[in-house]
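Peer 1: Taking the hints into account, I'd like the entire structure generated from these sequences.
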Amino acid sequence: MPEATIPFKSTDFNERVHTRHRIGMFMSALFFGATIFSLIVLLTLLVDVAIKGVSWLDWTFLSNYPSRLPERAGIKSAIVGSLWMIVLTAVISVPIGVASAVFLEEYAPRNWFFRLVQLNIANLAGVPSVIYGILGLAFFVRFMALERSLMAGALTMALLILPVIIISTQEALRAVPQGIRESAFALGATRSQVIWSHLLPIAAPGIMTGVILSLSRAIGETAPLIMIGALSFVAFVPHSVMDGFTVLPIQIFNWTARPQADFRHLAAAAIIVLMVILLCMNLSAILLRNYFERYRPW
Amino acid sequence: MADKTSTTETVRDEAEEQEHAPNVPPRPADRDSGGSSAPSMHEAVASKIHVQDLNFWYGAKQVLREISMKVRAREVTAFIGPSGCGKSTFLRCINRMNDLIPGAHVEGEILIDGRDIYDADPVMVRRRIGMVFQKPNPFPKSIYQNVLWGAMINGYRGNKGELVERCLRQAALWDEVKDRLKDNAYGLSGGQQQRLCIARTLAVEPDVVLMDEPASALDPIATAKLEETIRELKSRYTIIIVTHNMQQASRISDATAFFYLGELVEMNKTEMLFTRPRDPRTEDYITGRFG
Chain A
13 MPEATIPFKS TDFNERVHTR HRIGMFMSAL FFGATIFSLI VLLTLLVDVA
63 IKGVSWLDWT FLSNYPSRLP ERAGIKSAIV GSLWMIVLTA VISVPIGVAS
113 AVFLEEYAPR NWFFRLVQLN IANLAGVPSV IYGILGLAFF VRFMALERSL
163 MAGALTMALL ILPVIIISTQ EALRAVPQGI RESAFALGAT RSQVIWSHLL
213 PIAAPGIMTG VILSLSRAIG ETAPLIMIGA LSFVAFVPHS VMDGFTVLPI
263 QIFNWTARPQ ADFRHLAAAA IIVLMVILLC MNLSAILLRN YFERYRPW
Chain B
651 MADKTSTTET VRDEAEEQEH APNVPPRPAD RDSGGSSAPS MHEAVASKIH
701 VQDLNFWYGA KQVLREISMK VRAREVTAFI GPSGCGKSTF LRCINRMNDL
751 IPGAHVEGEI LIDGRDIYDA DPVMVRRRIG MVFQKPNPFP KSIYQNVLWG
801 AMINGYRGNK GELVERCLRQ AALWDEVKDR LKDNAYGLSG GQQQRLCIAR
851 TLAVEPDVVL MDEPASALDP IATAKLEETI RELKSRYTII IVTHNMQQAS
901 RISDATAFFY LGELVEMNKT EMLFTRPRDP RTEDYITGRF G
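Those sequence lines, one after another, are chains A and B. The opening residue of the first sequence carries number 13 in this note's numbering; numbering runs sequentially from there. The opening residue of the second sequence carries number 651 in this note's numbering; numbering runs sequentially from there.
Heads up, a few of these hints could be off.
To be verified - Pair by pair, the computed Cβ-Cβ distance ranges are: (1) B:L750 - A:M293: 36 to 42 angstroms; (2) A:R34 - B:S733: 41 to 47 angstroms; (3) B:E757 - A:Y119: 23 to 29 angstroms; (4) B:P752 - A:L295: 38 to 44 angstroms; (5) A:L51 - B:D829: 50 to 56 angstroms.
Claimed, not checked - Below, a list of computed lysine to aspartate or glutamate pairs in the EDC-like style, where the Cα atoms sit at most 20 angstroms apart: (6) B:K832 - A:E305; (7) B:K791 - B:E812; (8) B:K791 - A:E305; (9) A:K88 - A:E117; (10) B:K785 - A:E194.
These are calculated hints, taken from the structure and not from any lab test. Since this is a predicted model, take the numbers as computed values, not measurements. Yeah, the Cβ is synthetic: ideal placement off N, Cα and C, and Gly gets one too.
Peer 2: The structure is reproduced here in structure tokens:
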């Protein structure tokens with residue numbers, strides 16, 4: 013290739029190309045450092061937990077009820093309580109959340125009321141979870157007289173994650189190409205036919221990702237459940253939604269507060285279990301997303 | 651903005667005008683007679699769509715002004731004009747697609763077979779007036795399901811396989827896809843996808859097919875096939891096609907309407923419009939002086 017033949021002699025430019033490259037390298041080092049920093053913090057925590065907890069992690073630990081003797085203590089009631097909690101919370105919050113999002117995105121007129129509701133939902137997503145606990149205590153536990161039941165806990169959790177489900181569902185619906193909506197309407201479809209046949213199936217991976225991520229948040233939440241008075245020592249497995257319960261984070265919180273070192277190791281073991289459950293949930297979110305996005309050209 | 655009186659309401663057929671026009675104001679005496687020299691075969695063809703004084707706004711912005719026209723049954727009518735002239739907006743008024751846009755507002759009337767579509771149920775309007783869009787937009791489903799879906803939601807009770815085959819044949823796609831009907835439609839090429847969208851539109855058995863620049867995303871070979879398909883569909887459907895491409899308009903259309911700045915400047919038989927335009931703006935546009 014011959015050199016460019018355009019004469020370039022303007023004195024109006026001072027390219028400083030080396031300086032600009034140096035700034036660029038400095039920047040990339042900065043960004044890399046930021047990533048490494050959070051990775052190191054996370055790894056330190058994980059390693060610490062693993063060292064303390066892994067030797068306590070055995071079948072006895074998973075299948076026993078809590079005990080005042082560390083070597084006989086287990087998290088059976090907490091695991092079962094957490095699973096109950098997640099399933100109930102999902103059953104309550106997903107239909108309400110998805111339906112609200114469909115209404116807001118596909119039906120609601122874009123007026124001041126819509127904008128007010130939208131603003132409030134975004135705000136609610138940022139409200140501290142303990143506030144939801146206070147609401148749950150006042151409304152579900154006391155007013156509706158659900159007592160310290162799984163039902164009261166799940167309803168509180170459902171409220172807590174509802175804004176996130178609504179927002180992520182709205183975003184998933186908004187990401188459906190306008191051409192799909194238009195071509196379905198152009199064939200003489202009613203709005204509900206468009207929603208059921210196209211919008212919800214196409215938005216499903218996005219909705220499921222949002223649901224699973226918010227449920228992951230719910231499974232780790234402690235404060236609202238402590239607020240509504242979930243039990244910390246539960247030597248039974250709940251059999252109905254009106255039974256008392258405990259969940260993993262509460263069991264962890266309870267053990268961490270004990271003076272004996274053995275209980276803190278138990279807490280570390282329970283943290284490992286909680287993290288494995290979280291990892292499985294996030295993994296399933298990714299797998300579901302990939303599975304449903306196979307044929308997406310956009 | 652050009653003044654209103656220069657908008658030419660083109661009616662190419664005296665007899666038809668009488669028969670269809672109880673609510674049409676008397677035509678100005680000085681109307682150019684160029685269009686009324688239509689060959690006799692046109693006399694027998696009924697006007698399918700009759701638009702009267704249509705105005706359209708997006709919010710406060712007026713996009714269409716006093717559009718009046720007649721579109722004949724079983725003909726291809728092309729809408730041409732520079733970008734932003736309102737031709738696509740007008741097309742989307744004909745199947746009430748603009749209803750879906752917040753802030754859209756229509757005045758005037760569009761009669762199809764003498765009935766005002768703005769007094770009808772929009773779902774039934776769209777079911778009778780199909781639309782093919784600029785970008786091929788099949789559903790993320792199988793080829794088979796793509797064709798069938800519109801028919802099923804409208805309560806189709808006939809033989810599904812026969813319907814799918816007939817529509818794919820009409821859209822000149824059958825031979826290319828008959829062995830892979832269960833495959834996802836996104837595996838097709840752009841031109842095939844667009845013909846699939848035509849097949850999908852035909853499956854609900856519309857009277858009118860609107861096409862909004864259907865070939866603009868296609869290569870020349872796919873465009874030629876699409877144009878061939880459109881010519882064949884003419885025998886059964888009334889077709890309106892928006893196009894940027896004047897050669898395309900002259901190749902496939904029987905009548906052409908030229909839009910400029912939200913007005914219908916001129917409408918005439920295609921060969922008349924391209925060889926003897928009456929309005930200087932039409933002449934400037936078709937000779938490439940602007941647009």
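Peer 1: Sort out whether A:E194 lies within 20 angstroms of B:K785, counting only the CA atoms.
Peer 2: holds, 11 angstroms
Peer 1: With respect to the beta-carbon atoms only, verify the hint that A:L51 and B:D829 lie 50 to 56 angstroms apart.
Peer 2: holds, 51 angstroms
Peer 1: Is it true that the C-beta distance of B:L750 to A:M293 lies inside 36 to 42 angstroms, as the hint says?
Peer 2: 37 angstroms Cβ-Cβ, so the 36 to 42 angstroms window holds.
Peer 1: So the hint says 38 to 44 angstroms: do the beta-carbon atoms of B:P752 and A:L295 match that?
Peer 2: Holds - the Cβ-Cβ distance for B:P752 and A:L295, about 40 angstroms, lies within 38 to 44 angstroms.
Peer 1: Does the Cβ pair B:E757, A:Y119 satisfy 23 to 29 angstroms?
Peer 2: With Cβ atoms ~26 angstroms apart, the hint holds.
Peer 1: Check the hint pairing B:K791 with A:E305 against an upper bound of 20 angstroms on the C-alpha distance.
Peer 2: holds, 12 angstroms
Peer 1: B:K832 and A:E305: Cα distance at most 20 angstroms?
Peer 2: At roughly 18 angstroms apart (the allowed maximum being 20 angstroms), A:E305 and B:K832 satisfy the hint.
Peer 1: CA of B:K791 to CA of B:E812, is that 20 angstroms or under?
Peer 2: holds, 19 angstroms
Peer 1: Keeping to a limit of 20 angstroms between CA atoms, is the pair of A:K88 and A:E117 held or broken?
Peer 2: Given pair A:K88, A:E117 is violated - Cα atoms ~42 angstroms apart, limit 20 angstroms.
Peer 1: Does the Cβ-Cβ separation between A:R34 and B:S733 fall within 41 to 47 angstroms?
Peer 2: holds, 46 angstroms
When the structure is compared with the earlier hints, a violation turns up for hint 9 alone.
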